[in-house]
Amino acid sequence: MTIEGAAYLAFDLVAGVLALALAWLCLTAREGSRMITLFISFGVFVSLIWVRLRAPDIALAEAALGGALTGALLLRSRALFEGRRFARPATIVRLVAGSVASLFAIGMSWVWVTLPPTAPVNLGALAADNIEASGVSHPVTAVLLNFRAFDTMMEMPVVLLAAIGCWMLGEARPASSPVRDNPLFQSLARIVVPVLCVLSGYLLWLGSSAPGGAFQGGAVLAGAFILLLMAGIERKLFSSGAQTWVRAGLAAGLAVFVAVAWGLGFGERAMLEYPPGDAKAFILLIEVTLTISIGLTLAALFLGGRPRYGNDTK
Amino acid sequence: MSAAEILASLLLIAGTLCFLAGTAGLLRFPDIFTRLHALTKVDNLGLGLMALGALLLASSMDVAIKIVLVWVLAMVASATTGHLIARHAFRGSDNTDD
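Line by line, the protein sequences are chains A and B. Heads up: the first sequence begins at 280 in my numbering, then just goes up one per residue. Heads up: the second sequence begins at 8 in my numbering, then just goes up one per residue.
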């Protein structure tokens, strides 16, 4: 074994053992904030492991979404719900909900088990052979936005429904944030938010030829929104006047995706079968709106409830 | 091994030692202020040395610019959060208005 190989092996072992140790500590931690901190550190190590497995796309997504944003959402939930008690739903409600969920799981498992066996297909080679026709040169983006675009389209309602569900639960309560209206934090936001907006666009554009894309770009954009929310800007961002725009932005990603699928499906093509030569334009159109929608959706989740109307003067 | 590589290695090792010192401080110091002192000062120096070392090995200008950006952004964020955490702790966790 070369020295370089030994060094990589040592690094892998340390990263793997630390990830497992952090997972264990996180699960056995007694206190919420400690658990969340350990979870975020766990995300960092999982992201490093994905880098070593040569899956930079997943590493980027894990670092931005799995570690940083989920951590921010957890911390926010903890701040919002600390010390609050919730009434337990009636037994009959829990029974019905449990039965429906179990039946659905059993049904899906049954479908999966009884599916007729198909001949194994080397999907990786298939994607690599057709990369020229996809409109982009990065295989992950080609799969996500072209070959399996339908799957990605179906992910958008999930994201949108999560935000709608969160906003239906109640009005956003302003969490007591120590940095709210703090001039120092606001000047940090003034430096970092523009940089994050540029970085988001850069990651989005990079997605056509290198690891990156709408989800990573959207996560970075969400980070910018969250900084603004923490600094106390949401009174403007989610004011009555801006409400319509925010809601339109939340729905835009799914709307544009469905419009493209529908529009193309009306002709002689299949749904989401881009016309040859124009694939890149369609992918870019979808990805730009997806980035904005994902960024706004994650910020909407961070808000923890629907913004209040008529709160502009406060 | 070229001169640049040797210098880069020395800078990276020095940076690692700084991180080690910062971690020791975080674990061993008694209260939040001394721990913050260890983290914000030493990590900035550590990251700075690491960035310098990586700069010497950078293959092109745009890689170099990205490394400098990482360093500058980490400094801005670390200096601000260090101050905010210290102020929050100094005034007591109940006092959140101003």
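Just so you know, the hints here were simulated from the structure itself, not pulled from any lab data. Computed from a predicted model, the values in this text were never measured in an experiment. There may be inaccurate statements among the hints.
[What the hints assert, rightly or not] Chain B stretches covered by chain A per the calculated footprint, using a threshold of three residues with CB under 8 Å from any CB of chain A: (1) 70 to 84; (2) 87 to 93.
[Stated by the list, open to error] No farther apart than 20 Å at their CA atoms in a straight line, the calculated lysine to any residue pairs in the SDA-like style are these: (3) B:K73 / A:A342; (4) B:K73 / A:K559; (5) A:K559 / A:V419.
[To be verified] Label-pair ranges, simulated between beta-carbon atoms: (6) B:I72 / A:V379: 46 to 56 Å; (7) B:A28 / A:G284: 25 to 35 Å; (8) B:A11 / A:R331: 23 to 33 Å; (9) A:G584 / B:V70: 39 to 49 Å; (10) A:F365 / B:A31: 17 to 27 Å; (11) B:S9 / A:A534: 35 to 45 Å; (12) B:P37 / A:I470: 31 to 41 Å; (13) A:G584 / B:S9: 30 to 40 Å; (14) A:S416 / B:A28: 40 to 50 Å.
We put the beta carbon where it would ideally sit given N, CA and C, even for glycine.
Hint check results:
Taking a C-beta to C-beta cut-off of 8 Å, the region 70 to 84 of chain B contributes 4 residues in contact with chain A, enough for the three needed, and the coverage statement holds. Counting residues of the region 87 to 93 of chain B whose C-beta sits closer than 8 Å to any C-beta of chain A gives 3, which meets the bar of three, so the coverage hint holds. The suggested pairing of B:K73 with A:A342 holds, with an alpha-carbon distance near 18 Å, which does not exceed 20 Å. Of the pairs offered as hints, the one joining B:K73 and A:K559 is violated, with about 27 Å between alpha carbons and a cut-off of 20 Å exceeded.
Under the criterion of a C-alpha separation no larger than 20 Å, the hint pairing A:K559 with A:V419 is consistent with the structure, at around 14 Å. Taking 46 to 56 Å as the suggested C-beta distance range, the pair B:I72 and A:V379 conforms, at roughly 54 Å. Between B:A28 and A:G284 the C-beta distance comes to about 30 Å, which sits within the given range of 25 to 35 Å. A beta carbon spacing of about 26 Å between B:A11 and A:R331 agrees with the range 23 to 33 Å that was offered as a hint.
The hinted range of 39 to 49 Å is satisfied by A:G584 and B:V70, whose Cβ atoms lie roughly 43 Å apart. Checked against the given bound of 17 to 27 Å, the beta carbons of A:F365 and B:A31, roughly 43 Å apart, lie outside it. Look at B:S9 against A:A534: about 56 Å separates their beta carbons, and that is not inside 35 to 45 Å. Take B:P37 and A:I470: their Cβ atoms lie about 33 Å apart, and the range 31 to 41 Å holds.
A C-beta distance of roughly 58 Å is found between A:G584 and B:S9, which places it outside the suggested range of 30 to 40 Å. Distance hint for A:S416 and B:A28: a CB-CB separation of about 45 Å, consistent with the stated range 40 to 50 Å.
Checked against the numbered hints above, the structure violates hints 4, 10, 11, 13; every other hint is satisfied.
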